[in-house]
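Protein chains: 2
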Amino acid sequence: MTSDLLVVGGGPAGYAAALEGAALGLSTVLVEKSELGGTCLNIGCIPTKLYLGATEAVEELAAARRLRLATGEVSVDLSALKQRKDRFLAATRKAMQAKLEAAGVTLRRGQARFDAEGAVEIVDETGSHILTFERAILAAGSEVVDLPALPADNERILNSTQALELSTPPARLAIVGGGFIGLEMGQIFARLGSEITLVEALDRLASVEDPEVSAELARSFKRAGWTIKLGTKVMGHEKTAEGLTLSLESGESVLADACLVVVGRQPSAKNLNVEAAGAKLTPRGAVEVDAQLKAAPRLYAVGDVNARTMLAHAAEHQARYAVNHLAGKTGHAYVDTGLPSIVYGAPEVVRVGSLAAELKDLGQSVQVSRAPLAANAIAQAHGQTAGFVKVTWSGGRIRGVTAVGHQVSRLATLAEVMVRQGWTERHAEALIFPHPTLDEALLEAVKGKREEV
Amino acid sequence: MTSDLLVVGGGPAGYAAALEGAALGLSTVLVEKSELGGTCLNIGCIPTKLYLGATEAVEELAAARRLRLATGEVSVDLSALKQRKDRFLAATRKAMQAKLEAAGVTLRRGQARFDAEGAVEIVDETGSHILTFERAILAAGSEVVDLPALPADNERILNSTQALELSTPPARLAIVGGGFIGLEMGQIFARLGSEITLVEALDRLASVEDPEVSAELARSFKRAGWTIKLGTKVMGHEKTAEGLTLSLESGESVLADACLVVVGRQPSAKNLNVEAAGAKLTPRGAVEVDAQLKAAPRLYAVGDVNARTMLAHAAEHQARYAVNHLAGKTGHAYVDTGLPSIVYGAPEVVRVGSLAAELKDLGQSVQVSRAPLAANAIAQAHGQTAGFVKVTWSGGRIRGVTAVGHQVSRLATLAEVMVRQGWTERHAEALIFPHPTLDEALLEAVKGKREEV
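First to last, the protein sequences are chains A and B. Here the first sequence is numbered in the working numbering, starting from 1 and rising by one per residue. Here the second sequence is numbered in the working numbering, starting from 454 and rising by one per residue.
You may find that some hints are simply not true.
[Stated by the list, open to error] Selected chain B positions facing chain A (in silico; Cβ < 7 Å):
1) ALA507
2) VAL529
3) SER532
4) THR650
5) ASP814
6) ALA865
If you are wondering where the hints come from, they were derived from the structure by calculation, not from laboratory data. None of these values were measured; they are calculated from a predicted model. For every residue, glycine included, the Cβ atom is placed at its ideal position computed from N, Cα and C.
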């Protein structure tokens with residue numbers, strides 16, 4: 001069996017690639033080794049958003065209670081939530097499969113392994129099959145990274161996938177890793193009643209974000225009662241009858257009923273034999289790609305597997321670009337100006353375009369302007385006024401926006417338009433910002449005094 | 454005392470006009486008869502948003518409970534909420550006054566009455582004073598409309614201003630008027646524990662919205678337990694020891710502890726003697742303006758008083774335009790393409806640009822495309838999946854967006870950009886919509902099949 005386009009992986013990137021290929025009239029095969037939807041749908045962005053959404057009342061009540069406006073108690077049933085999550089994911093996977101079939105995509109279940117430049121071996125329960133192709137898109141995704149000092153046992157020591165399978169929250173949860181996954185998971189379990197201790201090896205939370213954002217996150221979660229230990233590593237652990245004890249580099253120890261290890265994700269590129277297709281792995285284990293996202297003459301690699309930007313919407317965007325490129329519909333290099341990223345919860349974080357430090361590293365003259373959320377009526381309405389919006393400028397145009405605070409995810413797509421279109425202050429002033437909205441904090445930040453950094 | 458610019462009214466329009474005038478170097482006087490901030494800050498958008506924000510936990514708990522994910526009880530203390538509201542409003546007014554003073558605006562308290570084309574009489578506790586001016590901006594705002602059958606007594610029969618002064622919620626609240634004020638107020642009191650009966654003379658709620666939006670609102674509030682009576686008027690009332698009884702045109706009667714009358718607002722133009730300045734009133738009682746928002750050779754009228762669009766952000770936008778026009782900075786007619794409007798609560802409503810029916814009335818060929826919120830992961834996460842996004846097209850470009858559902862206010866400003874810039878489907882597809890976000894429902898609606906209407 002041969003095809004115009006063979007796609008390896010049925011996550012956000014592979015799914016988008018297959019649909020785009022079929023829409024362009026290519027005979028398209030999609031190979032998936034386990035479930036459609038990949039990390040994002042099954043064990044990543046979607047289940048965490050379902051858990052955060054269902055526990056929102058706990059957060060809003062806490063905010064109203066801090067202002068002495070409300071009393072009460074909200075208790076969320078994790079077991080029921082997990083069942084709803086599983087039902088929703090199954091329904092979504094079914095809808096994805098139906099959409100692929102309706103588009104004429106051939107879905108093959110099995111583990112792929114490249115055999116030659118135009119051939120891939122698929123291993124399934126019936127044996128081994130060779131599929132040939134004109135062009136292939138590798139969208140194999142990523143997998144959790146284990147810590148040698150804390151190997152996941154799916155009992156006391158959990159990775160993020162296992163944590164999403166729990167039916168009861170641990171009374172004391174230690175989280176190792178202060179990136180966005182650790183922060184979202186920490187909030188979910190805090191709202192479910194867990195006492196959170198977070199350990200991060202670096203000296204700040206969410207280290208890819210603006211340092212001021214990291215500081216605000218730490219303040220916020222400490223205020224919410226978390227114990228946060230920065231700049232120290234877990235050196236070892238001991239399991240006891242009551243739980244486990246983590247020994248930190250700092251000499252401290254952390255007692256917990258369970259420990260969640262969320263120290264990052266790595267490309268799932270190891271067992272694919274990409275070298276047979278003419279591709280190479282980077283030292284980090286990602287598939288190396290050029291400016292057109294090509295890994296080899298007939299192979300593109302998109303999404304987490306190229307480790308360029310490990311975000312579902314970036315993966316989809318890369319996938320659609322790659323299909324259009326291989327079909328000769330576009331010739332230019334891949335660009336993702338203004339790519340937005342979001343950390344959900346309370347506070348939320350949004351980052352679009354470039355941080356000031358990134359532009360300075362490129363030798364550009366950079367200014368920042370800002371606005372505090374405390375001046376915003378919607379932030380005040382929710383009693384969650386900590387945080388700010390910060391705009392990065394270069395050459396008189398908006399190059400980046402970052403914000404931390406209550407519901408700042410609202411600003412992401414508008415900020416992306418500002419960055420992609422290179423707005424000046426006049427562009428923002430010409431828009432009629434609806435009142436009252438959180439968006440007005442973005443306008444205030446755009447209009448704020450610009451300071452050289 | 455004379456000035457380059459005299460502004461009557463210190464609400465959103467007058468405040469923006471005075472600051473803009475001072476920024477342009479005009480000697481500026483602002484006359485306010487009561488409190489800075491006008492309807493929006495003191496008795497309108499801001500207090501209602503504070504009340505909706507503080508009661509959000511009740512709504513989120515109800516949604517999680519409908520899905521059997523959560524149990525509990527949240528009780529919001531209206532007396533504490535009212536005190537917080539009053540403190541926040543006072544602080545905001547103080548900040549506004551400080552900003553006016555810092556900008557060099559002269560603030561005069563008193564009731565204004567035009568005396569001649571370039572003169573206004575100000576009456577305050579010390580007597581009557583004449584101020585002369587080169588140009589004036591009238592931003593006198595609006596006031597509540599009473600129903601003859603239900604005159605407000607600030608006891609059993611309340612207008613919206615009085616309802617925001619309550620310290621305890623009525624057990625049974627009848628609301629007369631199903632526009633956005635009635636809907637937001639109804640939600641506030643429902644969350645505070647009131648049993649709501651809503652009476653609307655027209656045959657649908659929120660009659661300025663798309664009819665499908667009205668239908669979804671009715672379904673949603675009925676599901677939340679409201680009694681809704683459409684297409685019937687209140688003919689009379691009787692006060693009793695236990696409360697009051699409303700007699701409806703339909704022959705039914707409604708028993709309630711209190712009744713809130715929210716049948717609209719009218720321009721506050723009656724006592725200003727605008728004729729002396731050369732201006733005229735429309736039959737509806739608004740100050741008549743031309744395409745440049747001019748009411749007379751030396752007078753502009755902006756905001757609610759011209760009844761063009763009774764929204765704070767529209768008022769501010771008109772005010773800044775008028776100052777720039779009178780200062781010779783702009784010559785073109787006033788335009789407000791894509792003006793957004795929002796109804797807050799759960800569900801929310803957003804409307805930007807033109808509805809399909811409005812464009813059809815102009816004789817244009819119109820298409821609509823749509824997406825249900827049920828397919829959106831963020832709507833699913835909050836367990837609030839009713840509603841939709843609907844896009845209006847003409848000439849292949851986006852002319853309007855309307856949506857109803859959980860947190861659809863998030864879409865307002867981005868939708869405004871789409872309408873103002875006349876986006877095609879390609880513009881939306883070129884944007885990387887962050888995943889998962891409610892914004893993706895807007896993208897799906899843009900990409901949806903277009904149907905002729």
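Checked hints:
A hinted interface residue such as ALA507/B counts as satisfied when its beta carbon comes closer than 7 Å to some beta carbon of chain A; here the least separation is about 5 Å, so the hint holds. The interface hint given for VAL529/B is met, as the beta carbon of that residue sits about 5 Å from the closest beta carbon of chain A, less than 7 Å. A cut of 7 Å between beta carbons decides the hint on SER532/B: the least distance to chain A is about 10 Å, and the hint is violated. For THR650/B, the suggested interface contact is broken, since its CB lies about 25 Å from the closest CB of chain A, more than 7 Å.
Violation of the interface hint for ASP814/B is found here, the shortest Cβ-Cβ separation to chain A being roughly 23 Å, above the 7 Å cut-off. The beta carbon of ALA865/B comes within 5 Å of a beta carbon in chain A, closer than 7 Å, and the hint placing it at the interface holds.
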